[in-house]
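As given, the protein sequences belong to chains A and B, one line each in that order.
If you're matching positions, the first sequence starts at 1 in the UniProt record's numbering and goes up one per residue.
If you're matching positions, the second sequence starts at 1 in the UniProt record's numbering and goes up one per residue.
Simulated from the structure, these hints should not be mistaken for lab results.
Some hints here could point you the wrong way.
Repeated chains share a single entry, so a pair holds when one copy, or any two copies, can fit it.
The list that follows gives simulated cross-link-like pairs (lysine-lysine, DSS-like), each with its CA atoms no further than 27 Å apart [as the list claims (entries may be wrong)]:
(1) Lys170 - Lys295
(2) Lys310 - Lys381
(3) Lys295 - Lys343
(4) Lys84 - Lys150
(5) Lys310 - Lys336
2 protein chains.
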Amino acid sequence: MSSKLHDPFKTSFDSLDEYADLISQVLKCPITIEDANHRLLAYSTHDERTDPARISTIIGRRVPEKVINQLWKEGTIPTLLKTKEPIRVKNMEEIGLSHRVAISIWKQDEVLGFIWALEIDQSLKEEDLALLKKAADAVKNKLLQLQTRKNKKEERFQEFFWKLLTGHLKDQEEILEHFHALQINPPATFAILVFQFKKNISSKEEQWISYLLQTNQRIKILLYTIDCNQLIVLVSTDTFQNPFSELEQFVQVFVEKMNERYGIKDIISVFSSIYEDYQLIGKAYEETQSVLAIKNKFPYETKHIYNYHKLGIYQFFDLLLEKRKVEPYENYSLKKLHEYDQKHNSHLVKTLEVYLNNDANINDAAKELNVHANTLTYRLKRIAEIGEINFKDPNQKMMLYLDLKLEKYKGI
Amino acid sequence: MSSKLHDPFKTSFDSLDEYADLISQVLKCPITIEDANHRLLAYSTHDERTDPARISTIIGRRVPEKVINQLWKEGTIPTLLKTKEPIRVKNMEEIGLSHRVAISIWKQDEVLGFIWALEIDQSLKEEDLALLKKAADAVKNKLLQLQTRKNKKEERFQEFFWKLLTGHLKDQEEILEHFHALQINPPATFAILVFQFKKNISSKEEQWISYLLQTNQRIKILLYTIDCNQLIVLVSTDTFQNPFSELEQFVQVFVEKMNERYGIKDIISVFSSIYEDYQLIGKAYEETQSVLAIKNKFPYETKHIYNYHKLGIYQFFDLLLEKRKVEPYENYSLKKLHEYDQKHNSHLVKTLEVYLNNDANINDAAKELNVHANTLTYRLKRIAEIGEINFKDPNQKMMLYLDLKLEKYKGI
DNA sequence: ATACATTTTGGGGATTTTCACAAATGATCA
DNA sequence: TGATCATTTGTGAAAATCCCCAAAATGTAT
Chain A
1 MSSKLHDPFK TSFDSLDEYA DLISQVLKCP ITIEDANHRL LAYSTHDERT DPARISTIIG
61 RRVPEKVINQ LWKEGTIPTL LKTKEPIRVK NMEEIGLSHR VAISIWKQDE VLGFIWALEI
121 DQSLKEEDLA LLKKAADAVK NKLLQLQTRK NKKEERFQEF FWKLLTGHLK DQEEILEHFH
181 ALQINPPATF AILVFQFKKN ISSKEEQWIS YLLQTNQRIK ILLYTIDCNQ LIVLVSTDTF
241 QNPFSELEQF VQVFVEKMNE RYGIKDIISV FSSIYEDYQL IGKAYEETQS VLAIKNKFPY
301 ETKHIYNYHK LGIYQFFDLL LEKRKVEPYE NYSLKKLHEY DQKHNSHLVK TLEVYLNNDA
361 NINDAAKELN VHANTLTYRL KRIAEIGEIN FKDPNQKMML YLDLKLEKYK GI
Chain B
1 MSSKLHDPFK TSFDSLDEYA DLISQVLKCP ITIEDANHRL LAYSTHDERT DPARISTIIG
61 RRVPEKVINQ LWKEGTIPTL LKTKEPIRVK NMEEIGLSHR VAISIWKQDE VLGFIWALEI
121 DQSLKEEDLA LLKKAADAVK NKLLQLQTRK NKKEERFQEF FWKLLTGHLK DQEEILEHFH
181 ALQINPPATF AILVFQFKKN ISSKEEQWIS YLLQTNQRIK ILLYTIDCNQ LIVLVSTDTF
241 QNPFSELEQF VQVFVEKMNE RYGIKDIISV FSSIYEDYQL IGKAYEETQS VLAIKNKFPY
301 ETKHIYNYHK LGIYQFFDLL LEKRKVEPYE NYSLKKLHEY DQKHNSHLVK TLEVYLNNDA
361 NINDAAKELN VHANTLTYRL KRIAEIGEIN FKDPNQKMML YLDLKLEKYK GI
């Protein structure tokens, strides 16, 4: 057998499964075909030899997330996304993966999916790899068909989602019908997630996002769409024990992966409260937007805050900023401290802020300020004197904290 | 000489000073005449023997405050206010007071003033005391004249003050003219003080108030008036180093004395910021009223707060209460804790509040709660679990504090 | 009534924090 | 330039807080 051999895949089948079986027969090993998001498209059945990773993939109709993660870390997937050649993947027992060969399926410069060939008994030879490459080419058209069909469905998703977000669908019955028409199981409880990117999201990035959302197995994504620099997602929270911490973990992982895998940094993410009533999707969306607005104003302070409930005092900041702009109030202590800083070019205000940020913990604050704890103690003594502050009075401390944050953003 | 003796005081003089000299000549000792507020009205000059207390009184044209305080504590003044008989006052070196006899001057059941007779060389005899009583009676009419003249002046004061408080006088020049017409030296800086009594202020209480204000030497009272249950005072703050702490001390002392001397409790006192512009007296007044409104809502929390600047977060409470009424927000942690309290009839919310009131100090809070410190530690651990609270996060703590206070007063 | 979970209290040691003092450095002003 | 004041850092002892354990008390459910 040479690479000039007659192409055994130049036949047309109705389903991808038949392709999988054919490839399996030719190469004499189990075959799996996935789309670009590692969803299972087809798998060969004639061969019963397999490995745990493949079993999980077939059972869950998608590649398990930890396998994907491992393949990213270890470099297989990045390579597959770069080359059209078959890639040999070594044994990775810890995730139940035995020896195998993978190849990506290309349409021009875009990856449509992957074929996996397990090397259970013997390794594939050079000519087998050439055959695999031919198989990948043959499968391409079938995948393209699937994709266009998917795109059309996608458009209907988009339309529906925007109607929900903008509150155009007022009737519960109607909404449920739409869900069913799109074959989405309507969730009992849901939330809106929004990821705000630095710049408008390009179509390349859109693909990456899509990939990340599809391959995640942490959370059930119902709908998602992109609006300028925002990725808006509707997720089901039905299966969660602690919905908020689960959502928090998810957004953190998402942001982390966008950075690790694609080098996209500074994504600001938020999510809404948990709702049951589909008519309130618009409200949930508004909620995310108001949280985003505050996070944009106070990025440092709200770094670890993702939803309205956790905003804490920042919930009030719009209101308070307004009040402060209107009335001629001035915080006496802060004024004094600013004057002192000005005169002696010291950093008492900054010191105070870090101290309060750190919950009045001298050690932590000193660490953040890179000074000796005694230095901070001394400064605080001075701050208390100059600003006439009693650090034992929670009311005073709170007011200082609020006014510190408020004066930072009075200009906005 | 007997008590049936011809009355030597049955003559009429133009000024009180002449009376003082006459009495001095008859009794052969220095004489001082004061009004009901211990302001010097007249003093004899023919006799040069005197004591430090009398010197200070004459120099300052009023009895020194510490002397008045001592005479109250030791019982002289209370007795003088009860009896028409002469009272012998023993030597009190610590305040520079040598032996003397005092008598009050009465018009029906009201005390108009006092006559003091110093016993420098020899004690007054029984017949001298009888003479003194006659003298007191003779002086009465002169004092009455003074008083009615004062009352008329008082009325003009009142009218002017109310015009200032209600902002009816807009012209700086005009205001200054009024001040001068009333022989008040216009202060460079001033503040408004308001004392809110439990009940409407009776005319009896009005006299006590007047007495306390007049005899105080801590602060310069420019004008005062009474409105239902409020005493409103305009004071000069020109001579103060730390105006706020001086004002604070003054109001505390005032409230204390109203209680000690007259048994009037639960006076709520506030004062405005320091102003320079007389046109802003109305604003200062409004400020006191808004602080009073908040102190009425949060009496416990604002017990030690007297002015707007010190209100701290309570400045915002009207605004925040409004916001909370409008939107359907609920503090998740507090909700959980309330539910727990309900179910297990425990006191986690109360515990949390006391803990936060005490600036997260375990010992202080435990003391206030009358439980062992370890008990509080345990409860806090439970509170953190149940309410999903991180006590190291100042934002969370602040929000809890705010919501705790807010929910207490949502009904108002 | 009994078993079980929760809460309260206490002891005592480890760990931190606080405090006072001293030395060194930096800034300021005549 | 020296004298003075403000600031920073270090040290070590005293005080306080934290933490773990266990016993007792209380409440709860079967």
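Evaluated hints:
In this homomeric assembly, Lys170 and Lys295 never come within 27 Å of each other (Cα to Cα): the closest approach is 30 Å inside a single copy and 46 Å across copies. Proximity of Lys310 and Lys381 under a CA criterion of 27 Å is satisfied inter-copy only: 20 Å between copies versus 33 Å inside one chain copy. Taking identical chains as interchangeable, the C-alpha atoms of Lys295 and Lys343 are never at most 27 Å apart, the minima being 33 Å within one chain and 37 Å between chains. Taking the shortest Cα distances, Lys84 and Lys150 sit within 27 Å of each other inside one copy (24 Å), while across copies they are farther apart (107 Å).
For the homomeric pair Lys310 and Lys336, the shortest alpha-carbon distance between copies (15 Å) is at most 27 Å, but the shortest distance inside one copy (32 Å) is not.
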